[in-house]
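Each chain, written out:
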Amino acid sequence: MITLNALIAVCLTYVVFLFAVAFVAERSALRGRVRWVRAPLVYTLSLSIYCTAWTFYGAVGSAARSGFEYLTIYLGPSLVMIGWWWVLRKLVRIGRSQRITSVADLVSSRYGKSNLLAICVTILAVIGTTPYIALQLQSVTLSFEVFAQPGVPSPEEGQRSYTALWVAVGLAIFTVIFGTRNLDANERHHGVVMAIAVEAVVKLAALMAVGIFVVWGLSGGVAETLARIDSSELGQWQMDGGRWAGLTLLSAAAFLCLPRMFQVLVVESDDEGHLRTASWAFPLYLMMMSLFVVPIAVVGLDLMPPGSNPDLFVLTVPLATGQEGLAVLSFLGGFSSATSMVIVAAIALSTMVSNHIVMPIWLRLTGGGASVSGDVRSVVLLARRLSIAGVVGLGYLYYSLSGGGTALATIGFVSFVGMAQVLPAMLGGIFWRGATRTGALGGLITGFTIWIYALFLPSIGSGALPDAVMTEGLFGLAWLRPQALFGIVGLDPLLHALLWSMTLNVITFVVFSLASFPSPLERLQGAQFVNVFDHSGGPRSWAGGVAQTEDLMIMAQRILGAPEAQALFEREARRQGTRGPLPDPTPDFLESLERVLSGSVGAATAHAMVGQIVGGMSVSVEDLMAVADESAQLMEYSARLETQSNELSRTARQLREANQKLTRLSVQKDAFLTQISHELRTPMTSIRAFSEILRDSTGLTAGEQIKYASIIHDEAIRLTRLLDDLLDLSVLENGQVHLNLRQGKLGEVLDRAAAAANDGGLSLRIRRDARREQVMLNTDLDRLSQVFINLIANARKYCISDQPELSIQVTDDSDLLFIDFVDNGEGVSAEAQDMIFEKFARVSDSQAGGAGLGLAISRQIMTRLGGGIVYLPGHKGAAFRVMLPRNYAMAAQ
Amino acid sequence: MTEDGAEDPLRTPARPRSPLFLQRESYRRRRLIDAARFLPILGLLLWAVPLLWSGGPEDAMPGSGALIYIFGIWTALVVAAFVLSVRLRRNEEKPGGGA
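So the protein sequences, as listed, match chains A and B.
Heads up: the first sequence runs through residues 34 to 926, numbered per my numbering.
Heads up: the second sequence runs through residues 109 to 207, numbered per my numbering.
Just to be clear, a hint being listed does not mean it is correct.
To be verified - What follows is a list of derived Cβ distance ranges for each label pair:
1) B:R136 - A:I521: 46 to 54 Å
2) A:T399 - B:R136: 57 to 65 Å
3) B:T183 - A:G274: 41 to 49 Å
4) B:R132 - A:V700: 38 to 46 Å
5) A:G253 - B:F190: 28 to 36 Å
6) A:G523 - B:L159: 15 to 23 Å
7) B:Q131 - A:N679: 32 to 40 Å
8) A:S99 - B:F190: 30 to 38 Å
9) B:T183 - A:R98: 21 to 29 Å
10) A:S99 - B:Q131: 48 to 56 Å
11) B:Q131 - A:L695: 47 to 55 Å
12) B:E133 - A:T399: 39 to 47 Å
13) B:R132 - A:R64: 39 to 47 Å
Derived from the structure by calculation, the hints contain no laboratory data.
Beta carbons are placed, not taken as given, at the ideal position from N, Cα and C, and that holds for glycine.
The shape of chain B in the complex, shown without the other chains (with noise of 0.2 Å):
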């Protein structure tokens, strides 16, 4: 029996504590998932750029760009969201792959 219990199985029936390192998979799907929180935070970020477009009328963003540019973005994400979805899916499927 050693002092620090975090390694002990006994100490864990209900919930195995998380383990310090993990495999390989596990590993992928936690990255999946950090991929998957930070994805939002990169879509407000580069959707609150049009604050920076000046109103002035000589150097005004064009209403042709801004329209590229938000939906450039938009697809952007779709897109990220998708593939990241259909990884961790199939990373879901795989035995051992439970968050």
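Just chain A, same shape as in the assembly (with noise of 0.2 Å):
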């Protein structure tokens, strides 16, 4: 018989070589070596901890009393293994990109960084984690005893305190050392997952173990082992079906929610397809972790004596039959199955404790908060180990307060049906953007309170609740005894607690939800949980520029560690490429620091501090309208576009009547070189031939002579004119000319003009009014005059009327000084007006009568004086506008 010394030897080696596997993993990871203590298959063995000593002693035990349905708890995780598609991947997902810590941290990330909500769910979780962690202790207490008194396990109370007491305190060192080594819950615990999945390994070893020998040494094959179950107790399938599926659900829940499941399967992920792995690897596990229990259970209870503790078969089995090295080797599996649960729990639960309760608490007291001096790192991490030690403390308390009797059995599935109230919030959080702050704490508190009453209490033994309560209800109210709430009896007790508190905790969530609105960063926090695979980057929620980097500085200093820090700044500074080693405080920047900030001390937490420094927080409605609504962006890209289109298309308009122009001007201009080669070709003509006459004609009389002479003389003029006219105006283009100002009044300009422009020929009829033109002038007349009489040539030429008629009319604007000259003729059309001032155009060719220089040498003039001339659209005849800058005007005196 193997003692209780060499067992304790066993005990203290394979624990100093736990501590070398997590020691070693931890070294590896920091050298950068991360593959193997990364692989997906080490993901898959942390997830392990699930089962813990309750499923590897408690199975058999369950199987030997109620049959199947320790089936239930392995059936409901493998299927949200499997379906890893639907929920987990989204949780790692954000876990991932929102840097969270817990379950508490996510759901009061979710909802705004709620800081009270993270508090509901630690509370949650300790009450409901702390009596598991006692049944830890209690499992291998009981484990120990079996080898110090095989058989009679009934020792003294003292020296079962004693056992556990040890192991609690073992426990909690072993967490502190690798639970506590880094802060950033994002840098993940190398060394404790890779102690965990070795105790995977050993645990697993350990009952497949037993199950072979049970099955092929003790019952002589699978047939025989079949038949064996048949034959026995557990023959036949007797199952209630409401707990079969009750507790498949419910086991699938608490996979999600509890503490240190959310721990190894979201925090400590390294890589989204490890995940992959893990959606058959994992169920696989279960499956063979589940394999042998009712063998075990089967020939556990054939062979042990009526009364020995079910529980403890898979000890018992092979003591009995003399294989103590496959009994030492059961016990470690037990034992490590207990110690990855309380270890891992006691991380989670000590994160929350510590970034939910603790540093809030903290913060406060210390009055200034982030802005004090000091190393909050320091406090942090003693909250945390202090965390951990009052965790396993309080699991050890709970232990020796309830005695370690049998109602600690029931235990796991109290604590189950606790931890899924998270559940309707978390889900609702991740799949429904209406999901509400109001709505989640409403029904976590209304399924809390349901669970306490109805479950909690009732299962921690007599004397939690009074009897007159258990029987008569609460305040002597029948509907609300709590094993028959609202006077439904004949549940099952957990059940009905099942039933009543997610019912409830469901439907208050749903209903506040629905009716309560929600604060601008919850709806964007909202946003992004729900469409976590849509964004990419995170909303911004930080007013810049307000913040001092310095104190930015500082702050993340104390969480991150000076090293740390310094680069992180370093880095940000770079990538924004501003000098110096400080970045500047952009809303990304902010941001970005809040996100790893949170990854020490929690989101709540994280926001509350960097908030102490840049003094408050701003969520746009732009920020909500870009991150909330996919469609607004899409709106607001297409309003864009659509401006942009629409600039296009004004452009593209201009430019069409850009080269309309220059293609009529092309046109023209051939055409006038047409035109002017046969201006200068005319006269140049006549000229030849009147000279040739004059030469070669002998007999010509005098009159004759000077006839000839005369048309020789008029055409030269022409000519002359003609030339004159385009040296002027390449004058004027060029802005040769010299303007030579004089001061005179508009109408004897007026006058000079219309008695050079209308002497002979056809009689025009001028209209003016003489008062109006009594306006002072200094300007250039001689140039001004050259203008008017030009327009008032083009009026006696081209007005087609039986009466001509020009209206000559002086307007006073502010600044401008407008003179109009509007004729009773047909006026130009709508596609020669912006034409008429070019060079060389004329309206028809049919009227030749110009070079048609002259409105483009008026235009050049009035350029030259600071005014303009326009043609103005809209009168009946032609209608030229002559615009003079007022300062060249004065008022007559």
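Need the complex rebuilt from these two chains, each delivered in its own frame; the hints are there to steer you.
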């Protein structure tokens, strides 16, 4: 018979081995050799902390007592893992993108970083997990007793507590050493994860070994074992359907919500790809864990004396058949199950307690909070270490107070129901944008209250609730009986509590969510959680520019450590391209800083700390629109596109117009080149012809000679005038003109122009208003007169009317003087209006009279004089407006 | 510029809208994901079958049969999940297989 001391030696060796594994893994990770510590297999094995001592020992016990019910707690998680694409993938992605540190942090972060919610979930988790830790301590203690006094498991109370105390202390030390090595929960606890992966292998190997021994060693093969099962008490399927379905769903819910499961599933997850492997490997693991449970139970019931504890069959069956080595292996399996659960649960709970309860209180107590001096890291680490000790200590306390009785055996499901209360808020949070903080809080508190009243308090045995309450209901109200709420009796107490707590939880959650209105931050976070696969970048919630980068730096150093914080700030400064080591506090930077900090102290605390320095946050409507609403983004973008396309079509229209004008100009120029050659050629021809006549003809009379010579003279004058005009225009265009500024009255200039333009030929009646023309001008009067002459001559030439009439109106504008020339002819056609001021432009070829330079010259003159000349559309006849700047014109004295 | 902007590449700068029809590769991937989504529902249904087994003393389901049924489904689900996981990874490693 193996002695207790030898067992303790084996146990200690195993613990040393675990320490070594954790240490080596931690060192490898530090040196960057993370391949093997981050293997998908390690991730899968780390999930096995789902199988605690309660399942290692308890599954066999449960099978011996109530048949196949034990399977449900494995079936639920198997379904969740196989259906990883539904929920787990999203949870892991959210956990990574939001740097979630715990299940409380997830809920808090989703509902607007509410610390109140985080506190609620934390309290729920602590209350739900403490008995569970006590259960682990009890199982280790019981398994020690088996070896101490085989077959007589009834030692004194004191010795039991003694064993449990040492186990608790050892676990707390291990957890403190490897669980609080680094602060950032996103830097994984490689040592711990590796140790629990090894423990997972040990417990699976132990259970399989016992199972194989039982099936092939004791029963004689598979067929015989099956026959033995059929002939035993478990031989027939006797299962309450409600419990079968209810417990399967319950264990699936608990698998997602238990703090320790969330820790290994989401927080310690390195790579989403690991989920893919775990999706089949973990169900396989669970299947192997549960495969031999029934055979062991059946054989145990056969072999062991009536009344022996079926929970310990895994140990007592090998011992009773003399397989001490197997018994020790089995003991180590149970020990592994218990320790790995306690370690991870302690890490998860301590993170929650320190981030959501201790840190906020500490920040408040120290007044200035983030801006006081000192290293916050040590405070956080201390808080976390104390929390670990506190959580394990609470478990021990619960164990010693409850006396380690059989009441603990049911605590597994009780704990499951408690943590499942988080499920509506969690799933609602990641799938439903409309879920609000009020709804989550309401649902959680409702479910929590019912769980405490209907399940937790009755489960911890007599005394917690007075008998009167149990039988007659709270305040004597029969419908408030803890195990028959609303007067519905006959339900299994567990199912009863599960049904009512979850139903009312969900109803409250949904109704409150529908009725309340979320804050902007909540809506922002909601959109990010629900659409985590669409949003790669985070939202901006900080108004930049207010924060002092130095303050942020000091705070970050105190949480992340000086080198890490400096590296972070330098990286950001380089990214921003600023000179010097400090980046600008842009909203982007604040957002990413907050997220890094939240990896250490949780979202709510990080948010509060950054908020203390930055002063306030703003979620602008634009941010909300941009982040929360994909369609708004699209609309904004398409609006911008529309503007752009409008602009484009405008530009295209302008270009088209310019092109048309250019084409017309080109056509006109070609036409005019022909025209000008013709204009030049006609006088030249007649000059040549008449000069030849003069030269060659001898018998010309003096009259004829004079006639021909005058023709030559006239033609030469015409040529000169044409060339003068061209020269004039070219001079004007080149800006080489010299203005001869003089003073004179507008009326006099018009008089002169009318006289010059209207001499001889058809008479053009000119209507003028002499009073309005009493304007003193200070300009180049000769040039101005040239413009007027041109306009009047044009009217005389082109006005097709029986009684041609030109009206000259003078109008005073604020800083311009308008002189309008309007005739009663046909006017200028619309398409010709923008061409008439071009060189060589003539309205029609038929009415040839000039070279088409008059208006071009006029426009150049007016431009030189600081005014302009435009065609006035909308009049019946042709209408031109000459504009003179006011400073050239002075009122007549 | 089309009136209906869904097909307009300019309209979707940040997140490419899912096209209506897919390449063969992406189509396969979508169906694999459908299978991954369907698998747990199938498992739930099959594991709910024991609810129908009557608990009567005469025609009760024998314990061995129940075990074989439940563990058989378990094995089948694990194998199916394994095949899906391998194919999904292979699909992901190919270029252009992203979701």
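Hint check:
Taken as a hint, the range 46 to 54 Å holds for the pair R136 (chain B) and I521 (chain A), whose Cβ atoms sit roughly 50 Å apart. At roughly 58 Å, the beta carbons of T399 (chain A) and R136 (chain B) sit within the given window of 57 to 65 Å. Take T183 (chain B) and G274 (chain A): their Cβ atoms lie about 24 Å apart, and the range 41 to 49 Å is violated. About 58 Å separates the C-beta atoms of R132 (chain B) and V700 (chain A), a value inconsistent with the hinted range of 38 to 46 Å.
Between G253 (chain A) and F190 (chain B) the CB atoms are about 32 Å apart, so this pair conforms to the stated range of 28 to 36 Å. At roughly 19 Å, the beta carbons of G523 (chain A) and L159 (chain B) sit within the given window of 15 to 23 Å. At roughly 36 Å, the beta carbons of Q131 (chain B) and N679 (chain A) sit within the given window of 32 to 40 Å. Between S99 (chain A) and F190 (chain B) the CB atoms are about 32 Å apart, so this pair conforms to the stated range of 30 to 38 Å.
For the hinted restraint 21 to 29 Å between T183 (chain B) and R98 (chain A), the CB-CB distance of approximately 27 Å keeps it satisfied. For S99 (chain A) and Q131 (chain B), the hinted distance range of 48 to 56 Å is satisfied, since their beta carbons lie about 53 Å from each other. At roughly 49 Å, the beta carbons of Q131 (chain B) and L695 (chain A) sit within the given window of 47 to 55 Å. Taken as a hint, the range 39 to 47 Å is violated for the pair E133 (chain B) and T399 (chain A), whose Cβ atoms sit roughly 57 Å apart.
Checking the proposed 39 to 47 Å range against R132 (chain B) and R64 (chain A) shows it holds: the Cβ atoms sit about 44 Å from each other.
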